[in-house]
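Position chain B against the provided structure of chain A, taking the given hints into account.
Protein chains in written order, with our numbering: chain A, 3 to 395; chain B, -7 to 142.
Simulated from the structure, these hints should not be mistaken for lab results. Being a predicted model, the structure only gives us computed values, none of them experimental. Any given hint could turn out to be false.
Non-contacting residues of chain B with respect to chain A, defined by C-beta distances greater than 10 Å in every case (computed) [stated by the list, open to error]: (1) 1; (2) 11; (3) 54; (4) 59; (5) 63; (6) 65; (7) 117; (8) 141.
Going by beta-carbon spacing under 10 Å, a handful of chain A positions derived as facing chain B [stated by the list, open to error]: (9) 24; (10) 130; (11) 207; (12) 259.
Derived list of chain B stretches under chain A, where covered just means 3 residues or more per stretch with a C-beta under 8 Å from a C-beta of chain A [stated by the list, open to error]: (13) 77 to 83; (14) 93 to 102.
Glycine included, every Cβ here is placed at the ideal spot set by N, Cα and C.
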Amino acid sequence: MTARTLRGRIAIVGIGETEYFRHGGSPDAEFKLALKAILAACADAGIDPREIDGFSSYSDDRNEASRLAAALGTHRLRSATMQWGGGGGGCCAAVANAAAAIAAGLADCVVVFRALAQGQYGRFGQADGIATISGEKAYLMPYGVLAPPQRFAMRMRRYMHDHGITQDALRAIALASYHHAQANPRAVMFGKPLDAAKYDASRWIVEPFHLYDCCMENDGAAALVLVAADRAHELRHAPVYLLGAATGSGHRAGAIPHNAPDYASAGFATVAPELYRMAKVGPSDVGVVQAYENFTGGVVMALAEHGFFAPEQANEFLTRDNLIAPSGRLPLNTSGGNLAECYMHGFELVLEAVRQVRGVSVNQAPRNDVALVIGGPMVTPASSLLLGSEATL
Amino acid sequence: MSQRAPFYLPSGLPTPLPEPDGLSAPYWGGLRENRLLVQRCAECRTWQFGAEWICHHCHALDPDWVEVEPRGRIFSWERVWHPSHTALTGYGPYLAVLVELPQAGAVRMIGNLLGDPMQEFAFGEEVVGQFEHHADGTIPFTLLHWKRIS
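So here's chain B without its partners, still in its complex pose:
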């Protein structure tokens, strides 16, 4: 099976939004501009993801947002068959991966692994990010997927 167009998953899944207090707004705004932003404490240089109002290491408030290269390693994965949402009925399987970013304190993020959902790959395999823009809805948003390098 080839990569599905235009989006990896069908539309109709919940649209991601920053919290009303704006905590993760820089992250979601960054994705819209093809930039991956991750929190890094200006005081102690500790990386942090997802967003929080405080550095978990030194307790400095309002950690900086730093742009990082969207490259990582597959830390874990799953192949999903059962549709837990009507938008996915008759669609699966699809691959979700947990990607670790060594260049950003090994923070992890979830995305889909682009390509054949039955492809085989290894733990630790390198992946590169790919931005998927959903510009048409009432609330535009961008997702970050992953693609194997090899």
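For reference, chain A alone in the conformation it holds in the complex:
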């Protein structure tokens, strides 16, 4: 029996996205955004969209596989996977699920995508229009713990207390993201630089998160195309290989309300070791990281849990200069990410990791053979992904 792994077996051969907009700024319907991103990813790959035989997404994406297949006139549909729950924690898992479908012979050409028009369907950051509430949110919302900022600030506050993390560590992440966005014309915050003084003067959303610690809310879509590695060389770009993928969460991570035993954490204690094991690399092999920022605090935890530093070293490691490309020790969120490129629910981070391995990012990291993507700190299930060039196989 061959080893049960995705390492080197699946390649990302195309990436595509729409123009990115502020929430409410898209002139296109959400489904049309999804179609545009998928067409762009297929064009990038040099694949006829009718050849797509699988779709994969996460976070209850509204743009259903069967409708996409009908709209695109695909020859047939073979795989339709949705990662349960976890919000942006599914952004890497959706890639893993698509890759697993191909590796298992259930499909040959799978599109992974996320489309989101918060202007059309309601904003994640607002909780209006709900008269009664049951389940987890009933324990939270009547106390004003309504939207993601309030749901996650307490975790970070406890983590800061446990490990002596300062506000400057959070600030460094915001500064690096905005720095990178200034070189990225796709970025919603392109032309809107951020410096330390502006960060410090910005309003609190919920302590310890300033305005600039929080992701944006946007309209847009992003997609990528996966095929088996043995087919990837026929296509336009040098393939970007999956080295490893892992998804999930630890013991009772989903215990509501805020009753997870490992509460002050991003949730990667069990996920990151699986990721590195499959990829056969370690943190020191990783040259560039895209880490999902619902909030900067989650990035601090996620990077520590992926082995880049001990929590007690976070203040020292997390400086703006350490995090920017090309000169930094660990270039982070080189497109601007959820904070400053576009909140495409983290999927823009996966596309940026592909660009890094291809060597075509506008903020290219010098060590780009192995790129890490981390999806959804502080949610369950979370997920992460390691991509690599041909040289890493």
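For chain B alone, coordinates are given in the frame of chain A:
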């Protein structure tokens, strides 16, 4: 700033209700009677909160509901400034706390910390529960807030 009356937060936030299957009905019903009920497995004595149909430790179904004293320690906290709901526009800041109950297996629950929203306090500080009854709406309900002892 003194404590705000009659309720800590303005009305208009979502009203809590048990699930249609009744899972957490004992908890919400208990609060209406100034009683804090937490699940405890009759078989293995494991505490559990929020409600579930099974004991996560020994898998006995339908854990008991046991009354516990509403006292605890501040496990974490946040001061909220941005209104994520129109009912809160112009209202903040306010304090939400995560309280751990040592006498009930260290289960945790969210509430508001009564008093000045700018007050300073410590992790681990002791708090005592205070029931806030909302009896006027079409669906009456009760919240459990927390107050520092010192």
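Worksheet item: For the region 93 to 102 of chain B, does the count of residues with a C-beta closer than 8 Å to a C-beta of chain A reach 3?
Response: Since 4 is at least three, the answer is holds.
Discussion item. Min Cβ distance, residue 24 of chain A to chain B: is it shorter than 10 Å?
Written reply: violated, 17 Å
Fill in: Given hint residue 259 of chain A near chain B, where the shortest CB pair must fall under 10 Å
holds, 6 Å
Worksheet item: When you look at the beta carbon of residue 65 of chain B, is every beta carbon of chain A farther off than 10 Å?
Response: Given that every Cβ of chain A is farther than 10 Å from that of residue 65 of chain B, nearest at about 12 Å, it holds.
Discussion item. Can you confirm whether chain A covers the region 77 to 83 of chain B, using C-beta to C-beta distances below 8 Å and requiring at least three such residues?
Written reply: Holds, because 3 residues of the region 77 to 83 of chain B bring their Cβ atoms closer than 8 Å to Cβ atoms of chain A.
Worksheet entry | Agreement of hint residue 130 of chain A with chain B interface, Cβ distance less than 10 Å | holds, 5 Å
Worksheet entry | Interface-negative label, residue 1 of chain B against chain A, beta-carbon threshold 10 Å | Violated, since 5 Å does not exceed 10 Å.
Worksheet item: Just checking, residue 11 of chain B versus chain A, shortest CB gap more than 10 Å?
Response: violated, 5 Å
Item to complete: Test the statement that residue 59 of chain B is away from the interface with chain A: the closest C-beta pair must be farther apart than 10 Å.
Response: Given that every Cβ of chain A is farther than 10 Å from that of residue 59 of chain B, nearest at about 18 Å, it holds.
Worksheet entry | Least C-beta distance between residue 141 of chain B and chain A, which was stated to exceed 10 Å | The claim holds: residue 141 of chain B sits with its nearest Cβ about 20 Å from chain A, beyond 10 Å.
Worksheet entry | residue 63 of chain B remote from chain A - nearest C-beta pair above 10 Å | holds, 18 Å
Worksheet item: Holds or violated: is the Cβ of residue 207 of chain A closer than 10 Å to a Cβ in chain B?
Response: Holds, about 4 Å.
Consistency with the previously given hints fails for numbers 1, 2, 9, ordered from lowest to highest.
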